[in-house]
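Enquirer: Sequence:
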Amino acid sequence: MSRTFLLRIATEESIKTKGLVEPYTPRSVRPSAYKFGVDDFEAYRLQCENIIKHQQHGRAALLRGGLVGRIASEFLSVDDGLAGPSKEIIQNRQGFIVPAGDTTWCYCDDQLTENELSIICGTYTLYTATKGQITVKSWFPPPNLWQVPSSMNGSQWVEWTPANEAWYRERVEDIRTRQAQPLTRVQWKSILRGTPPSRKLLAAASQRAQAFVNGHVPVVPTYRVRPGL
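Throughout the sequence shown, residue numbering follows our numbering, covering 1 to 229 in sequence.
Everything labelled a hint here was simulated from the structure, so no lab data went into it.
Warning: the hint list may mix true and false statements.
Taking CB as the label site, the calculated pair distances span [claimed, not checked]:
1. ALA83 / TYR127: 37 to 45 Å
2. SER190 / ARG45: 22 to 30 Å
3. ALA211 / TYR127: 41 to 49 Å
Below are the BS3-like pairs computed for lysine-lysine, each with C-alpha atoms no more than 25 Å apart in a straight line [claimed, not checked]:
4. LYS131 / LYS35
5. LYS35 / LYS189
6. LYS87 / LYS53
Each residue gets a CB set at the ideal place from its N, CA and C atoms; glycine is no exception.
From just these sequences and the hints, can you work out the full model?
Expert: Written out as structure tokens, the structure reads:
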């Protein structure tokens, strides 16, 4: 979906792959016995909109695909995803950067931080009665649980499937009409695990796809951009 930019680095030093680093920090805090309601969910959606729609690099959520991409599609169109990379990466060098085969050029694109991804998935920190002990819950599975090896997630296909869409819509409906609550990482892991046959099928498809790309699809830059342009 995205346009890949090739960016010239001003120095002659070796370029190393790098990305944004901002670990999850508690922002939405509740007591352990808190009962979440529709108002909490709608407030969460406003936070999503602020990151995805009103931040220059918010398009990175749509480009990520999977669950995060589906959430982002509530706020951005495909054309929005193609309108980049943003100034954050082109001018400020804030985003994902990977060497393009020599020391003066690199591929780059917008990227979300771990903290932003946590917000997009509706993450909360709940304090327990034990001093210093917390529980982390979220409306949707954490990205690092969704995008894991196929042996661990029976729902992550190459593309967003009708079954994924049905699950997503049902989850939103459960939250809005049946008072479904945010879940812990352990609970999400159990839900996403799926059946052994589905995990084996996903693993085999992933391995074959990777082998095909490595053998037949060379990386070709489509744009070249100089700093400041």
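Enquirer: Has the hinted range 41 to 49 Å been met by the Cβ atoms of ALA211 and TYR127?
Expert: holds, 48 Å
Enquirer: With respect to the beta-carbon atoms only, verify the hint that SER190 and ARG45 lie 22 to 30 Å apart.
Expert: holds, 26 Å
Enquirer: Holds or violated: LYS87 with LYS53, Cα cutoff 25 Å?
Expert: Holds. LYS87 to LYS53 sits at ~15 Å (cutoff 25 Å).
Enquirer: Decide if the proposed pair is consistent with the structure: LYS35 and LYS189, CA atoms, cutoff 25 Å inclusive.
Expert: holds, 22 Å
Enquirer: Check the following: the C-beta atoms of ALA83 and TYR127 are separated by a distance inside 37 to 45 Å.
Expert: holds, 41 Å
Enquirer: Can you confirm whether the C-alpha distance between LYS131 and LYS35 stays at or below 25 Å?
Expert: Holds, at about 21 Å.
This entry satisfies every hint, going by the numbered hints stated previously.
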